[in-house]
Amino acid sequence: MSENVISTRRLSPAAKAALGVFARYATIIGLALMIVAFSALSPDAFPTFNNFINVLNQASLAMIISGGLTLALVIGEMDLSVGYAASLHGVLVTGLIVRSGLPIPVALAVVIALGGLVGAANGLIVTKLRVNSVIATLGVGTILVGLSFAYSSGAPIVAGVPETFLQLALGRWLFGIPNPIIVMALVVLILWVLVERTAIGQEIQAVGGNQAAARLAGISVDRIKILAFVISGMCAALTGALLASRLGSGTTSAADSYLLTAFAAVFLGSATLRDGEFHVLGTLVGTLIIAFGFNGLNIFGAPTFSQYVFQGATLIIAVGLSSLGRMLAES
Amino acid sequence: MNDAALETGTLQAPPFVVAEAISKAYGGAQALKAVSLSIVPGEVHGLVGANGAGKSTLIRILAGLTQPDSGQIVVDGRRIAANSPHVASELGMTFIHQELAFIPGMTVLENIMLGLPKKTRFGLVDWPAIAREVAPIANRVGVRAPLTANVKGLSTAENWLINITRALVRKARLIVMDEPTAALATAESERLFGIIRELSKSGIAVLYVSHRLDEILELCRRVTVFRDGRLIGELTGAGLSRQALVESIVGGAVEPSRNRAVAGAAEGVAISVRRMSRAPKVKSVSFDLKKGEVLGLGGLVGAGRSELARILFGADRPDSGEMTLDGKPFAPRSPAQAVKAKIGFVPEERRAEGLILSKSVGLNLGLANLDSIVVSQMLPLISGRRRDALVERTIKAFAIRGAGIDTPVGRLSGGNQQKVVIGRWLQSKPKVLILDEPTRGVDVGARAEIHRFIRGLTHAGTAVLVISSDPEELPDLCDRVLIMAEGRIVGELAGDALTRHAIIAASYAGVQEHGAT
Chain A
55 MSENVISTRR
65 LSPAAKAALG
75 VFARYATIIG
85 LALMIVAFSA
95 LSPDAFPTFN
105 NFINVLNQAS
115 LAMIISGGLT
125 LALVIGEMDL
135 SVGYAASLHG
145 VLVTGLIVRS
155 GLPIPVALAV
165 VIALGGLVGA
175 ANGLIVTKLR
185 VNSVIATLGV
195 GTILVGLSFA
205 YSSGAPIVAG
215 VPETFLQLAL
225 GRWLFGIPNP
235 IIVMALVVLI
245 LWVLVERTAI
255 GQEIQAVGGN
265 QAAARLAGIS
275 VDRIKILAFV
285 ISGMCAALTG
295 ALLASRLGSG
305 TTSAADSYLL
315 TAFAAVFLGS
325 ATLRDGEFHV
335 LGTLVGTLII
345 AFGFNGLNIF
355 GAPTFSQYVF
365 QGATLIIAVG
375 LSSLGRMLAE
385 S
Chain B
65 MNDAALETGT
75 LQAPPFVVAE
85 AISKAYGGAQ
95 ALKAVSLSIV
105 PGEVHGLVGA
115 NGAGKSTLIR
125 ILAGLTQPDS
135 GQIVVDGRRI
145 AANSPHVASE
155 LGMTFIHQEL
165 AFIPGMTVLE
175 NIMLGLPKKT
185 RFGLVDWPAI
195 AREVAPIANR
205 VGVRAPLTAN
215 VKGLSTAENW
225 LINITRALVR
235 KARLIVMDEP
245 TAALATAESE
255 RLFGIIRELS
265 KSGIAVLYVS
275 HRLDEILELC
285 RRVTVFRDGR
295 LIGELTGAGL
305 SRQALVESIV
315 GGAVEPSRNR
325 AVAGAAEGVA
335 ISVRRMSRAP
345 KVKSVSFDLK
355 KGEVLGLGGL
365 VGAGRSELAR
375 ILFGADRPDS
385 GEMTLDGKPF
395 APRSPAQAVK
405 AKIGFVPEER
415 RAEGLILSKS
425 VGLNLGLANL
435 DSIVVSQMLP
445 LISGRRRDAL
455 VERTIKAFAI
465 RGAGIDTPVG
475 RLSGGNQQKV
485 VIGRWLQSKP
495 KVLILDEPTR
505 GVDVGARAEI
515 HRFIRGLTHA
525 GTAVLVISSD
535 PEELPDLCDR
545 VLIMAEGRIV
555 GELAGDALTR
565 HAIIAASYAG
575 VQEHGAT
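As you go down the protein sequences, you meet chains A and B in turn.
Using the numbering used here, the letters of the first sequence map in sequence onto residues 55 to 385.
Using the numbering used here, the letters of the second sequence map in sequence onto residues 65 to 581.
It is possible that some hints are incorrect.
Stated by the list, open to error - With beta-carbon atoms standing in for the labels, derived distance ranges:
(1) A:Ile189 / B:Glu197: 37 to 45 Å
(2) A:Ile189 / B:Gly217: 18 to 26 Å
(3) A:Ile370 / B:Thr184: 37 to 45 Å
As the list claims (entries may be wrong) - Restricting the straight-line Cα-Cα distance to at most 27 Å, the calculated cross-link-like pairs of lysine-lysine (DSS-like) are:
(4) A:Lys182 / B:Lys216
(5) A:Lys182 / B:Lys404
(6) B:Lys392 / B:Lys406
(7) B:Lys406 / B:Lys354
(8) B:Lys235 / B:Lys216
(9) B:Lys235 / B:Lys265
Think of the hints as simulated: they come from the structure by calculation, not from any bench.
We treat Cβ as the ideally placed atom computed from N, Cα and C, and that holds for glycine.
Take the sequences, apply the hints, and build the full model.
Next up, the structure:
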């Protein structure tokens, strides 16, 4: 009986194939349509080289933190500590430069290493203490907020931030491209090669796909999970440092909101090109959708609240459409 | 032996449940072929047969979990048009499965009442009133735990009694018990038998499914025997004996001729296991696996074979015992260490434990061979050329059909999926390969190819351990077969003594010898 009901809804093979394609390209089509629409509506302000560079520049910090988060989600865990970690490391990097007088490269290296350490703590708690990663990273993240207050007493570190540190995020390099875009490109390249083209990447994908099978194929599941958290932590630290440089200060909650942006970007990305799998290039597409959307809304002078509505709605619509398409294609 | 109460002629009563000419096929495999079974009120009816004989399928059909292709179920003389778990329950049929499903953290009473309508008072569940109703039933069954106790931590025996209580609260007229004593100690089993006899006296029928023939003989006056999905017969009265049961279960089938290749040329012991134990399934197991040998592990489902395999592969740690690999002490703490020591493993549940279903054939095949498909150890980038060559070689060697390098493995058929799991170990040339049910649910052609591959490996000196619940498979494939029962090795068969008949007989004999300890 029930089988008959299902069979009457069955789609023709051509329709299935079309839906399958649509499900995979929905986010990219959406991004393209958005760019076309904004260009048509605001031909003077939106579709210019400078504005596109500006959007990429805005997107770059979000992409770095989202790229790291992608790794945590690829192995099937959550990392809710990334936003708080980025804030803390922004405070730390300015503090290390201003208060401790460390040279800028050394301060950067220290916070990125500390970011890795925070990730290792997340990974150890999840794998060895077997705490659910939502709880583990929420707990660690909250501790990080506390540490940040302890270090800065809650006051932004502004005075005495050297100009050279500001130049890190504000400066331009090769053909006048802003530094953050170059850093983002490097991070995306490294993460993509790591996940898609290395032996460790194969193990990361296997752990994310089926932990039990990965273990029985001889993979050290715990080691891979810890590694993913470490990378997520390092990316968060890098984002925090670049944000501090862009803002010219270390502020305790400066990067907190990146958590939501990063999750939106990564989930949008999971609906891109692959069927509901998290992957680095998908995250890049997701980040760009959010960045172009914000930019367009800004150009039209849309009120602040609309940005949040946009971010939430885009996420739900994109992921919803793609899983709907996939369901229909598979039925 | 038989209880006096059971000697009274209840068999003349009109039957409660009749299954008539039930047939069921899964894919191409005929699980049941026109089998019939009738159960009268108050009888303890035995159902026996080797693994895969069709017992479970019939139980699923009675329970409404599976619909038969043809045949019908008649309850109280009325044909049941559309059976479902709900209908079966309404008609008074209850099922207690081997793996008991309780909700931990809830009390005994809450679990007993799960899904049943409950008395309420002012719209709230009136637990005290329910407890007053359930308590006498629980007492009668012999539940010792208080109704308010958490079910977590109760013994398996207690769980069975709670399930029986639940069945009685539901006003069951038939209780189907699937291997009730598999996890019970002797004293607990005796207690259960007493309760079954009580149930029988009060007119409740029991369908008793077990591999333990002594229990069947002690409890049942009528026993239905299945073999290969067919009804072999119904044994009663003088015709019901241990000898008759074994003959019916095994059958007088002609042994297929064995054209096995000679064992591989290599000499010496690959892996040596001594007094390996892990509670509760593995008890002091010792054996040697020789290089170039295919060693079978036969026995009934639940004998502890898969658990033993997981210990050898480092997936579980033993409580005690030791192993040597190539003469050196070997105690893998994880599958990763076992793989490093060149042990391969093909798990029983290929979809759950063997494959990353959403990922490509290439990724799945490469997993155990990452060292051989990277550009170099210093630069661990996957070399597309090497990986493609590896995958194409494996696809060709195994005739994996419908597979390209990038095909998600979940899209392949069962047999081809299994070839991918096994093919993963083709390249790494393991010293020891352990296969758990390598050809379950695999068609005849793929099965032959898998067997050919396993034999081929032994020529390279690989020692192979094969677990199979299919008694036909082991004589075909193995040089030697160890029989496990109740966690112990109870027999060894080799040469001309290695026959399907001998494997089944030894499996049941093992249960008999150790079941009473």
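Next on the checklist: Checking each numbered hint in turn, tell me which of them this model violates, lowest number first.
Outcome noted: none
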